[in-house]
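Visitor: One-letter residues, chain by chain:
Number of protein chains: 2
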Amino acid sequence: MSKQQLPIMNSVDVEEACCAPLVCEPLSESEAALLAPLFKSIGDPVRLRLLSLIACHEGGEVCVCDLTAAFDLTAPTISHHLKVLKQAGLIDSERRGTWVYYWLNPGVLERLSMILGPRVTAAAAS
Amino acid sequence: MSKQQLPIMNSVDVEEACCAPLVCEPLSESEAALLAPLFKSIGDPVRLRLLSLIACHEGGEVCVCDLTAAFDLTAPTISHHLKVLKQAGLIDSERRGTWVYYWLNPGVLERLSMILGPRVTAAAAS
Chain C
1 MSKQQLPIMN SVDVEEACCA PLVCEPLSES EAALLAPLFK SIGDPVRLRL LSLIACHEGG
61 EVCVCDLTAA FDLTAPTISH HLKVLKQAGL IDSERRGTWV YYWLNPGVLE RLSMILGPRV
121 TAAAAS
Chain L
1 MSKQQLPIMN SVDVEEACCA PLVCEPLSES EAALLAPLFK SIGDPVRLRL LSLIACHEGG
61 EVCVCDLTAA FDLTAPTISH HLKVLKQAGL IDSERRGTWV YYWLNPGVLE RLSMILGPRV
121 TAAAAS
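Residue numbers (the UniProt record's numbering), protein chains in the order written: chain C, 1 to 126; chain L, 1 to 126.
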């Protein structure tokens with residue numbers, strides 16, 4: 001158990017916190033500077049498909065050989081796009097023998113999803 | 001009222017669709033081609049801040065004069081960035097007298113949020 005005391009929330013509280021935020025704070029300049037490159041990295045159709053192939057792959061990780069097979073592009077082109085996604089912090093990888101394996105850094109995508117999500121709800125409810 | 005018929009969904013359907021996806025389907029080539037330009041349009045810190053300022057503004061719409069005042073940039077630069085967001089379909093606008101007013105197209109942001117969200121949950125659960 002952590003020494004930190006967690007606030008007591010029942011399921012109704014959680015639902016409300018998730019779907020009807022009371023506060024909508026515009027992004028600061030520094031937050032926007034950190035987040036924009038992440039959105040930019042998925043602002044390309046090949047990288048967006050690569051990310052969704054990795055996200056949806058059984059077991060949560062994919063061999064670069066399977067990713068390359070899904071596109072009509074050369075292996076170096078796929079590797080370049082994967083490098084961009086990795087540099088942005090959206091995915092991580094490890095070489096095992098001949099092949100490199102890729103997986104999502106789920107926390108990062110969740111943050112991007114939340115950045116786009118609750119703000120809309122707040123605006124629509126105002 | 002629009003003539004288009006919306007699918008009937010009760011609140012339970014909506015909650016299930018939102019929070020516990022059973023299927024994680026990788027994006028098709030055509031879906032990725034449609035979505036990538038939207039992410040690209042917010043892959044810029046100024047546009048990301050503009051979008052969050054519009055999303056969080058009381059009443060749901062903002063005068064371009066208030067948006068320009070929030071940045072240390074010229075009015076034509078802000079207008080250019082707003083045009084990119086509008087062309088991507090993230091925001092809409094209307095001129096009223098001297099000023100142009102901007103508001104979110106909430107459905108679009110919600111879709112982007114869901115594209116990034118459920119896939120993570122599905123991948124983490126696999």
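Calculated from the structure, these hints are not laboratory results. In this text the structure is predicted, and so the values were computed from the model without any measurement. Warning: the hint list may mix true and false statements.
Distance condition first, Cα-Cα at most 30 Å in a straight line; then the derived DSSO-like pairs of lysine-lysine [to be verified]:
#1 C:Lys83 - L:Lys40
#2 C:Lys83 - C:Lys40
#3 L:Lys86 - C:Lys40
#4 L:Lys40 - C:Lys86
#5 L:Lys86 - L:Lys40
#6 C:Lys40 - L:Lys83
#7 C:Lys86 - C:Lys40
#8 L:Lys83 - L:Lys40
#9 C:Lys40 - L:Lys40
Visitor: Against each hint, give a clear statement of whether it holds in the structure.
Guide: Cross-check of the supplied hints:
1. C:Lys83 - L:Lys40: With a Cα-Cα distance of about 17 Å, the restraint between Lys83 (chain C) and Lys40 (chain L) holds, given a limit of 30 Å.
2. C:Lys83 - C:Lys40: holds (14 Å)
3. L:Lys86 - C:Lys40: holds (17 Å)
4. L:Lys40 - C:Lys86: holds (17 Å)
5. L:Lys86 - L:Lys40: holds (13 Å)
6. C:Lys40 - L:Lys83: holds (17 Å)
7. C:Lys86 - C:Lys40: holds (13 Å)
8. L:Lys83 - L:Lys40: Judged against 30 Å, a Cα distance of about 14 Å means the pair holds.
9. C:Lys40 - L:Lys40: holds (5 Å)
The earlier numbered hints are all upheld by this structure, with none contradicted.
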